[in-house]
Amino acid sequence: MAVTVSIPTILRTHTGGEKSVEASGSTLAEVIESLENDHGGLKSRLVKEGTLHRFVNVYVNDEDVRFAGGLEAKVTDGDTVTILPAVAGG
Amino acid sequence: MLQIRRDLVDAMVAHARRDHPDEACGVIAGPDESDRPERFIPMLNAARSPTFYEFDSADLLKLYRELDANDEVPVVIYHSHTATEAYPSRTDVAYASEPFAHYVLISTRDPETHELRSFRIVDGEVTEEPVEVVETYLFAHTGADDVPDQD
Chain A
1 MAVTVSIPTI LRTHTGGEKS VEASGSTLAE VIESLENDHG GLKSRLVKEG
51 TLHRFVNVYV NDEDVRFAGG LEAKVTDGDT VTILPAVAGG
Chain B
1 MLQIRRDLVD AMVAHARRDH PDEACGVIAG PDESDRPERF IPMLNAARSP
51 TFYEFDSADL LKLYRELDAN DEVPVVIYHS HTATEAYPSR TDVAYASEPF
101 AHYVLISTRD PETHELRSFR IVDGEVTEEP VEVVETYLFA HTGADDVPDQ
151 D
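Note that the protein sequences, when read in sequence, are chains A and B.
Per UniProt numbering, residue 1 is the first one in the first sequence, and the count goes up by one each step.
Per UniProt numbering, residue 1 is the first one in the second sequence, and the count goes up by one each step.
Read the hints as simulated data drawn from the structure, not as lab findings.
Hints may be right or wrong, so weigh each one.
[Stated by the list, open to error] Straight-line C-alpha distance at most 27 Å; calculated BS3-like pairs for lysine-lysine:
id	chain 1	residue 1	chain 2	residue 2
1	A	48	B	62
2	A	43	B	62
3	B	62	A	19
4	A	19	A	48
5	A	74	B	62
6	A	74	A	48
7	A	74	A	19
8	A	43	A	19
9	A	74	A	43
Full structure from sequences and hints, please.
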């Protein structure tokens, strides 16, 4: 299952500056493993203690995965996964 | 240094005053690599809180898609502090993840005068920078010697 993953500025150091990379998997967790294989270091920026880091938002197509099963969110061929840092503070 | 048009400063301050005592937040977009804030985009504080702000996740996705389509970046990311000084909190630093953005803070704790300051926040390190308010970017790089002779 090939998906396109959109990478935010702050994580492009892991992708050699690429804004968008290919990955594979049928769940978000598998997609992240696939990203980690090709672009070491990405996983720890996204996942902490088995769940998505609270500082990042991840979308499959238009849906925030927090409302679609988190790391277990289903991903199908041709989907776009978008990673965006949360814009938040105190 | 952040160089920014006066009308954009006024718009941020007006937004901060309007949402007081909750924190207000938003972005000023500009062309990629220009470092020039141009397009004012007030955002909804999904937290609706006097001590926290967060862009709604659907709004965030829509915003970044729009910026991408326009070849724009968030040149300024602003928010207000409604009871404390205009300096990044620990939470602000923890969340900051746009190394090329100017993080602008506006304090509305004083009802008469506001405080506006700008920072770079990179890898957890906060660096304050001067803010130059200009009327227009058109003559912004013109030195003092270029003032036309007054006859």
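Hints, one by one, checked against the model:
1. 48(A) x 62(B): Holds: residue 48(A) and residue 62(B) sit about 26 Å apart, inside 27 Å.
2. 43(A) x 62(B): 25 Å, holds
3. 62(B) x 19(A): 17 Å, holds
4. 19(A) x 48(A): Holds, because 23 Å separates the two Cα atoms, which is no more than 27 Å.
5. 74(A) x 62(B): Holds - the C-alpha atoms of residue 62(B) and residue 74(A) are around 21 Å apart, at most 27 Å.
6. 74(A) x 48(A): With a Cα-Cα distance of about 20 Å, the restraint between residue 74(A) and residue 48(A) holds, given a limit of 27 Å.
7. 74(A) x 19(A): 23 Å, holds
8. 43(A) x 19(A): 17 Å, holds
9. 74(A) x 43(A): Between residue 74(A) and residue 43(A) the Cα gap is close to 18 Å, so the pair holds against 27 Å.
This entry satisfies every hint, going by the numbered hints stated previously.
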